[in-house]
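Once you've looked at the hints, dock chain B with the ligand against the given chain A.
Residue numbers (my numbering), protein chains in the order written: chain A, 1 to 363; chain B, 1001 to 1197.
Be aware that a few hints might be false.
Unchecked claim - Covered, in the sense of this in silico footprint (three residues per stretch, anywhere, with C-beta under 8 angstroms from a C-beta of chain B), are these stretches of chain A:
(1) 163 to 169
(2) 177 to 186
Stated by the list, open to error - Computed far set for chain B versus chain A, every beta-carbon distance over 12 angstroms:
(3) Lys1013
(4) Glu1093
(5) Pro1111
(6) Ile1112
(7) Ala1149
(8) Ser1164
Hint data in this document are derived by calculation from the structure and do not stem from the laboratory. It should be emphasised that the depicted structure is a prediction, and the values quoted were computed from it without experimental measurement. Even for Gly, the Cβ is constructed at its ideal location relative to N, Cα and C.
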Amino acid sequence: MKLQAIALENFRNIALQEVRPKGCGVFFLGPNGQGKTNLLEALAYASILRSFRGGGPDALIRHGEKEAALRLELDHEVLGRTEVGIRIRPGGRSATCDGEPVRRLGEMLGRFPTVVLASGDILLVRGGPALRRRFLDLVLSSADHGYLAALQRYHRCLQERNAWLKGDRPRPGDAVAAAFEAQLIPAALAVTRKRKAGLVRLEASLGPLHLRFSPGVGPVGLRFLPDVAAETEEAYRELLEKSFERDRILRATRRGPHRDDFAFEIDGRPADEIASEGQQRGLVVALRFAELACLREATGIIPLILADDVLGELDPRRRALFWENLPGEAQVLATGTALPEGGLPAGHRLFEVREGRFEPANG
Amino acid sequence: MTPAFEALVQQLKRLPGLGYRSAERLALHLLVERPGRLPELIDALQVAASTIIRCPECGNLSEGGPCSLCADEARDASRLCFVEHVPDLLAIERSGAYRGFYHVLHGKLSPINQVGPEHLNLAGLDARLERMQPAEIILALPNDIEGEATCHYLKETHFDALISVTRIGFGLPSGGGVLYADAVTLKSALEGRRAYH
Ligand SMILES: [Zn+2]
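Chain A extracted, bound-state conformation (with noise of 0.2 angstroms):
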């Protein structure tokens, strides 16, 4: 998809702001603190409906204002010209898809896809597992509704089991406890095969992309590392069964897909410990590519590219290849403090950034 226009009122420190990309990319020049980022932020919101920098609703509405609101309007390849619109309240957000409001919010993943490629990315290398879950959980959710819903199944099982846990004597073999595992075990499942499954697409996109960014250094792996092993619901219930006791005393459930995790390799060995620097930071831009890859294999819609000052933490020979590799068709929205050395690629609109309003610099 490519985006035609975006406006945004009370958004961070946006009071009001309408910006036109036109054309195959933008790049938004300016110092750091000036709401280069908002914008992106903006966008990736509205695909995704929750901040990539963290934070709630509270912290997206400009200071004094009551809400904070988005338009997006959106060639898209599946709805055509198509118009998006955001609110976002201190008590939550609402959206509507050619003014028709979106009943559940669930429905928007995927619908517009974005690739947000961030400077904390180098995390999901080397950073702990909730990273990497929650990277894995966007990506397969957007990809695939049914994996949403049992993601979202198996948490609230989860989340039931673990009050009855924390209740008053918990025990083994109990009728409560067995009506939500006999639902939480088949959404574990569902999960973990999905993840697996998500993982192999991922890896098989990952490994030629990787290749670019460091020409031989691999082969790259993601290797996934599920909590649990068990592939049948007979052996799930013999593992909560055999868990139970120590259930019991931590007052939660401890094993299952809340603790999967998934380890890049780079021939057969972790990469946060053998890779460069440099090296792990072009696995991370490879590792977004091929997020684009799948979302677009999945949604048949080319996702946007929100490239957030991470050029500024590439070498230069990788900022280089980054240019040169973007996929053809994406429209690419990225921030910097400074222009790529190569000029910008032709058919890039540059915009200068300051306190928060977006001028055209190059007509």
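This is chain B with the ligand only, laid out in the frame that chain A set:
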């Protein structure tokens, strides 16, 4: 505003679906705009409070003894339909697609909300099933996690393995319940009920 007025608003605000604004509007309506209606309302509340009980058979509203549905001998005694709340029962009655008996649970299992089996209307259930000997049990509980868990629990702990148990909810909006379905949807959900395992 006066302390008595504020106390009334606070009481109204505790009712489901009322925020402070709507509670205030209601209180003003009752006291200032239409004070003549107040005695009727107080009467209705007092009469209802002193006469309406839960039907000892099914849990529906009743004025002493079995409710009008349980007392209706023309109904089909071979079927028993489980619902979460009284309004669900009313919605199914309005659909006209069902003529059997009901059992109102007044809730669904949810450890998160501290609802266990002891909070559901289950005390007389085994004896009732023994008396009724229904040929079919219909589970018209919400098709969310908690509704599904309640179905599972009932089947495992209260139903004879020989009774045919069916489940509606297919075609109902996921996560929604009987109450939010229109009569046509509800009728087709009842007609399309499936064996529950
Ligand atoms: Zn009754």
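Hint by hint, here is what the structure shows:
{"no.": "1", "hint": "163 to 169", "verdict": "holds (count 4)"}
{"no.": "2", "hint": "177 to 186", "verdict": "holds (count 5)"}
{"no.": "3", "hint": "Lys1013", "verdict": "holds, 17 angstroms"}
{"no.": "4", "hint": "Glu1093", "verdict": "holds, 27 angstroms"}
{"no.": "5", "hint": "Pro1111", "verdict": "violated, 4 angstroms"}
{"no.": "6", "hint": "Ile1112", "verdict": "violated, 4 angstroms"}
{"no.": "7", "hint": "Ala1149", "verdict": "violated, 4 angstroms"}
{"no.": "8", "hint": "Ser1164", "verdict": "holds, 20 angstroms"}
The structure is inconsistent with the numbered hints 5, 6, 7, although it conforms to all the rest.
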